[in-house]
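Novice: In order, the protein sequence lines correspond to chains L and G. Using my numbering, you'd call the opening residue of the first sequence number 15 and step up by one each time. Using my numbering, you'd call the opening residue of the second sequence number 989 and step up by one each time.
Worth double-checking, as some hints may not be accurate.
Just so you have them, the derived chain L footprint on chain G, three or more residues with Cβ under 8 Å [what the hints assert, rightly or not]: (1) 1007-1017; (2) 1020-1030; (3) 1060-1071; (4) 1077-1086.
A few chain L residues that face chain G, going by a derived Cβ cut-off under 7 Å, partial list only [unchecked claim]: (5) L83; (6) I84; (7) G90; (8) I92; (9) R171; (10) S180; (11) A188; (12) F195; (13) F196; (14) S199; (15) Y202; (16) G203; (17) M250; (18) W251; (19) I434.
Hints in this document: simulated from the structure, not taken from any laboratory. C-beta atoms are modelled at their ideal positions from N, C-alpha and C, and glycine is treated no differently.
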Amino acid sequence: MQVPVAAYLPEALALAAALLTFLMDAAGVRQRVVVGSFSVVLYVLALISVLGDLSVAPFSIFATVPKGLIDTGAVGPIQFSSFGLLWQAIFLSASLLVAFASLSEGEGEREVPIFYGLLALATLGTLLVGLSADLIFLLLSVEVTGISTYVLVAYARKDARALEASMKFYLIGALSTAISFFGASLIYGAYGSTALSHLRDLPPSATVGGTQMALVGLGLLTVGLGFKVTAVPFHMWAVDVYDGAPDHVSAYLAAGSKKMGLLAVLVVFAASVSIFREGSAWALYVAFSGLAVVTMTVGNVLALQQRTMKRMLAYSSISQAGYMLIGLAVATPASLAGTTIQAVAHVLMKGGAFLFVAAMASIGVGNRIDDYRGLGHTHPATTASFAILLLSLAGIPLTLGFVGKFYIFASAVQAQGLFIFLAIAGLLNSAVSVFYYARVLRIMYMVEPQTSSQGRWTPAVAHLADPGAGSTPPSAGSSKGANLGRFRAEIQALGLARWSAIVACAALTIILGIYPTPLIDLANNAAAHFLATGP
Amino acid sequence: MSVPLVDILSLSGALFALGIFGVLTRRNFILILISVEVITNAAILNFIAFSFYSPGPAAGGITGQSIAVILVGLAATEVAVGLAIVLALNRLRGTLNVAEAIQLKF
Chain L
15 MQVPVAAYLP EALALAAALL TFLMDAAGVR QRVVVGSFSV VLYVLALISV LGDLSVAPFS
75 IFATVPKGLI DTGAVGPIQF SSFGLLWQAI FLSASLLVAF ASLSEGEGER EVPIFYGLLA
135 LATLGTLLVG LSADLIFLLL SVEVTGISTY VLVAYARKDA RALEASMKFY LIGALSTAIS
195 FFGASLIYGA YGSTALSHLR DLPPSATVGG TQMALVGLGL LTVGLGFKVT AVPFHMWAVD
255 VYDGAPDHVS AYLAAGSKKM GLLAVLVVFA ASVSIFREGS AWALYVAFSG LAVVTMTVGN
315 VLALQQRTMK RMLAYSSISQ AGYMLIGLAV ATPASLAGTT IQAVAHVLMK GGAFLFVAAM
375 ASIGVGNRID DYRGLGHTHP ATTASFAILL LSLAGIPLTL GFVGKFYIFA SAVQAQGLFI
435 FLAIAGLLNS AVSVFYYARV LRIMYMVEPQ TSSQGRWTPA VAHLADPGAG STPPSAGSSK
495 GANLGRFRAE IQALGLARWS AIVACAALTI ILGIYPTPLI DLANNAAAHF LATGP
Chain G
989 MSVPLVDILS LSGALFALGI FGVLTRRNFI LILISVEVIT NAAILNFIAF SFYSPGPAAG
1049 GITGQSIAVI LVGLAATEVA VGLAIVLALN RLRGTLNVAE AIQLKF
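So that you can see chain L by itself, here it is in the shape it has in the complex:
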């Protein structure tokens, strides 16, 4: 079946956002409002188009992919699957969130169009991963995002920490790409084709020890893509990179590009079951179960010891990747649906949390967890949002984080056999993670900013916090007026876009946590098709 050009609308919009933004740079248009709003509008249009293709109620009239093409198999290197489309929606939400919140950043001479252009290119790569039905196409798409994000981390060229982060990110990224391609070449040798449908349906050829070669190739692919997902033996780079990168870029790395790695792993390994069909399927399950358990445990244990906020969030992000890998190890429709829900939650939680850190850094709050003392009293709305996001990360009920984890663990229990140990390990890890999230909550709410004896409460912050909290004239009287003033001062200090992005993340986490049915239906449907008809 012929694919109409309009079917590529989301990818075309992302590409347009990238190219036109670079053109704007050349034409000298560098105001953040103009450049940023342009990207935001295109992301919104792309998101509407993707949701339309998924037949989400109010948007279904905007569908551009013919119904006959969805979930019906590959067209060359490309495939429109509801699973891929759903993940595309996740990627676009992450980009939209970061692009929108960045409207509140300060004006940079040259940096603004570079930032938005590279972000759009990275988005394009993630979207292509959602479409791919060919191993090489998939790895190239991953690389589009990879190369854009290496530069994105270093886009502030004068920042030594960001440059160092970029260097580490680049070296690890290039190495993982090279290893992935070497693995892909072995798989190509074993099958004579790189189409994922061949990996799925045909046994490896017997000419050159096909099965063993395919296994080695798959192992190397696991290593290469494991770097992208920050699965544990390959996670070392993530913390340094998240820590050193500009805050909004960290938000994108955690929310966007990491999800892309996860989808790539899902797609490759759902396709490669045929290799393991020959009596050694347990090896695959053991490998991924081990990876999942080690990833979440190491992430959580190291997060406990962190003194700075970004490193703590980075380690917690690693442990979240562990939870999502459980879904891959169990590999039933329910578990993949759980992973998808958790990915949605993770975009909101990690995106919102890193944006909060960015917002606090912009008003002079330090990066140490201790520096966040008393923020609950001075910046009530955003701190409450951050608190909600942390509770969701810990998996407290009534949040989306709980729904996702519950779904994943329940699917592990349902799958019976030894998978129940995965659920137990996950539950124990969730319990451990509550400690470090609760510590942050305590510091933000139970410790008064004034009681600080070390004087880390910088004058700049006190000044910004004052107009609302302190200086509301007594004549205004009512505490309501004082509260309103406090909110207004908070919005003014943090910037409207960033403030509303953080609050929206928390609100969505709660709304979807209380009423997750539409999301669960979408995820279940997509995951069932994914396992039935292939990636």
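Given the structure of chain L, go ahead and fit chain G onto it with the hints provided.
Specialist: Just chain G now, kept in the frame of chain L:
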């Protein structure tokens, strides 16, 4: 008369091992970069060899060769970005030793 597949695979395997060894032992950014390129070249060599000896549905096709060309382009793109980072880094710090990149550890 052509080179047997096993010989080519041994060569590419050796290149791969050499590249990994280089990445693990070198401390200079550019030397690490070169080691990574050696690994990429091992993959390219594999693709071309398998394209020639293709067993599967695409026997006699040029899939592997076209992938090899794409990979050469990809490697060039990566190196361009890598050298840009090297330049910026060298300008800022005056060293390319990755062992001195320890600002982000505390």
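Novice: Using Cβ atoms only, decide whether A188 (chain L) comes closer than 7 Å to chain G, and label the hint accordingly.
Specialist: holds (5 Å)
Novice: Close enough to count: is the Cβ of Y202 (chain L) nearer than 7 Å to one in chain G?
Specialist: Holds - the Cβ of Y202 (chain L) comes within 7 Å of chain G, reaching about 5 Å at its closest.
Novice: Please verify that hint: L83 (chain L), Cβ, nearest Cβ of chain G, below 7 Å or not.
Specialist: violated (23 Å)
Novice: Return the status of the interface hint for F195 (chain L): holds when the least beta-carbon distance to chain G is below 7 Å, violated otherwise.
Specialist: Holds. Min distance 4 Å.
Novice: Hint R171 (chain L) vs chain G: min CB-CB distance below 7 Å?
Specialist: Holds, about 5 Å.
Novice: Quick check: the stretch 1060-1071 of chain G, covered by chain L? Criterion 3+ residues, Cβ under 8 Å.
Specialist: That given contact holds, which follows from 5 residues of the stretch 1060-1071 of chain G lying within Cβ reach (below 8 Å) of chain L.
Novice: Would the stated hint for M250 (chain L) survive a check requiring a Cβ distance to chain G of less than 7 Å?
Specialist: violated (11 Å)
Novice: Given a cut of 7 Å on the nearest C-beta pair, is the interface hint for G90 (chain L) held or broken against chain G?
Specialist: Given a least distance of 12 Å, the restraint on G90 (chain L) is violated.
Novice: Holds or violated: is there a CB of chain G closer than 7 Å to the CB of I434 (chain L)?
Specialist: For I434 (chain L), the interface hint is violated, since the closest Cβ of chain G sits about 37 Å away, which is over 7 Å.
Novice: Does S199 (chain L) hold up as a contact with chain G if the rule is Cβ-Cβ below 7 Å?
Specialist: holds (4 Å)
Novice: Identify whether the interface hint at G203 (chain L) stands, where standing means a beta carbon of chain G within less than 7 Å of its own.
Specialist: Interface hint status for G203 (chain L): holds (4 Å vs cutoff 7 Å).
Novice: Quick one: see if chain L covers the stretch 1020-1030 of chain G, three-plus residues with Cβ-Cβ under 8 Å.
Specialist: Answer holds; 7 residues pass the 8 Å Cβ test.
The structure fails to meet hints 5, 6, 7, 8, 17, 18, 19 from the earlier list, while all remaining hints are met.
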